[in-house]
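2 protein chains.
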Amino acid sequence: MSLIVQKYGGTSVKDLDRIKAVAERIKRTRDAGHQVCVVVSARGGVTNRLIADAKSLHPNPDKREMDLLLSVGEQETIALTAIALQSLGVAAVSRTGAQAGIHTDLFHTKARIVDIDGGDIKEQLDAGRVVIVAGFQGVNSAGQITTLGRGGSDLSAIALAGALKADVCQIYTDVDGVYTADPRIVPNARKLDEVAYDEMLELASLGSKVMQSRSVEFASKFNVVFEVRSSFNDNPGTLVKAETTLEDVVVRGVAADRNQTKVVVSDLPDEPGVAARVFQALAQAHVNVDMIVQNVGRDGVANLTFTVGNDDASSAEEAVATVLKEVGAGAVRAAENVAKISVVGIGMRSHSGVASKMFDALADSGVNIQMISTSEIKISVIVDLEKAEHATRVVHTAFGLDRDD
Amino acid sequence: MSLIVQKYGGTSVKDLDRIKAVAERIKRTRDAGHQVCVVVSARGGVTNRLIADAKSLHPNPDKREMDLLLSVGEQETIALTAIALQSLGVAAVSRTGAQAGIHTDLFHTKARIVDIDGGDIKEQLDAGRVVIVAGFQGVNSAGQITTLGRGGSDLSAIALAGALKADVCQIYTDVDGVYTADPRIVPNARKLDEVAYDEMLELASLGSKVMQSRSVEFASKFNVVFEVRSSFNDNPGTLVKAETTLEDVVVRGVAADRNQTKVVVSDLPDEPGVAARVFQALAQAHVNVDMIVQNVGRDGVANLTFTVGNDDASSAEEAVATVLKEVGAGAVRAAENVAKISVVGIGMRSHSGVASKMFDALADSGVNIQMISTSEIKISVIVDLEKAEHATRVVHTAFGLDRDD
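Listed in order, the protein sequences are those of chains Y and H.
Heads up: the first sequence at position 129 corresponds to 129 in the working numbering, and the numbers run straight through without jumps.
With the second sequence counted from 1, adding 1000 to any position gets you the working numbering.
Hints were generated in silico from the structure; no laboratory data involved.
None of these values were measured; they are calculated from a predicted model.
Think of the CB as a built atom: it goes at the ideal place given N, C-alpha and C, for glycine as much as any other residue.
Below, a sample of chain H positions facing chain Y; criterion: calculated Cβ distance under 8 angstroms:
id: 1; residue: K1020
id: 2; residue: A1054
id: 3; residue: S1056
id: 4; residue: L1057
id: 5; residue: L1068
id: 6; residue: A1082
id: 7; residue: I1083
id: 8; residue: A1084
id: 9; residue: S1087
id: 10; residue: S1094
Given the sequences, and given the hints that come with them, work out the whole structure.
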């Protein structure tokens, strides 16, 4: 008998019919002889409605009250899911985050899990009951309800699976798993059977929206193997685990981030400390800078180019303009017209020639590379936004990732 | 500085605009220099929607899960009310039933309060904060969320007022207070300035729907003075308290219960134990019998007439029919065509002639009295349903309860 932790997101429990379907899937797992602990999110739309209600009362509502408010979404789902299971003749009991012993730090709206004691989950499972746990929420040392921030329910499930020493952790979502590329861009992208934590992290941070990075980081830290799969079919999903058991693949996937702005700072005096002041100002304005390129011309002026997310573009431009005013030189211009294309794979650590293969493929198909950055398991290039989809497909084919059929 | 407990029902917090209005009323109380602890219900309609959701999944949902489910209604309101207060610049913090230390027994969906320790409410009040507590809910010794059943938020407020030794407990509702009669039946009914617990109890049990009996019983037991008043205006309401401070009034009010069925059992053998078997059968069928009249005719057969609530009429008829079959005699007939008119007043204990005054008034206006029952502070008569409103007005006038203007 295995212990399986399953997590169902907001889309999977959106309405009562879907909750019934989730209950039937849980019953099938239980009937196959497993102990089942289930983590659920709020019904799709509920959390956004509660946030809108609060914001209509206060532009910046108190975080402690927001946590108390938002936690009702999951509490509603756990009770309804338990009732749906009971109507199928399955013994089930629900537990809030606090009842499940999910202890967090004191930071409301994005608390971190500090400890999970599981409450009486083990006893309930041993007594033959399915246990339904509210995701996204915990309790702090002051007895106050906290929430874990975006992607919090995934984190609850992975952390619970670790704490309960579950044999399997299944993250049910509205996609079939992790793909070699976004299937909307690359129609012959393949679903991956397995992906390493580090690869999943890079893919997530590069715009593959399957899961938040922190859940994958947590899984990696505590070595919790989990599977991302669809709640709408029975297809096997993608197993996310440490690298050791994966077959030898150089490039696992291609990610495209079309939400990038290139900021060009020109005619800066080529003096020590000027570039540092620019990036200090950006840090103070909480702007995340991604890639950076600096050129010094013959005439003693420097040009600085960097990329930021589109949301940060105007803050970045303002922050830089302030510095330029102090310096008394230079000009800044933000142009929202670039995309970042990345290839990701643990295997590239030990393989040379990945970069040149990527650059060649792009050059051959007429895509100009504006900026480059590399890490141990990733190579990213900045290209024109209009070339983004074409570039993604070209690179996907070049690394042999296209589906065979 | 007084400590005031205020309770706002579901109608008073139905939508965000009403929550804002409630917050403004709380602020006025606080600005007048008082400490304020507020008990709120779920937003109007929320509890019914949750019940409908659960019932669509299971015809008879688990009571423990129902409590967990229904408690989200109040949890939503406390957070939104606290946020609304904060937007007015009032320091406020919300507390669930468990956080407020409302400890109950183990009976889910109609738990009884066994103890209130108040959690940190006193400290929060002393720190200058308004405390918003979720009504209707508590926590049992197993750490499970319980709910207090119908009228539970009133009970929460009165019990909290008692535990906190509040100076005033205000129950805000959608009516101005307790009237001498239902104003929809008796247009010149007067609002009462004061009413005794026992009178309020009789009026509540006789169909004046202002409050559930158990809240009034609790207030009486622990001598918690409370005021019933409207959340839609600033009119003074009705003070409910022990009898001693009330002026000497013989009849406090007139109640009409039009939800009564008269059941007639005829031609019973006049033998010992036959009537007892009828009432045993009714008790086993959980039928609440109200008034009973038995006549024995000269021919050795007895006729038994009793009243039940309309909802119990068919169960009562079935239960009696089973007994008649065993006895081998008699007939039963339920006719849903009666009303119970009652006059209530602590003063009538020491005044004779109340009954005759009531009977005379009814006789003079052509209303036939079918059954009579009396208690120390109440006289009730059964009349034809069509005569109910007329009879109520006649009695109201006879006891001088009509408004002067």
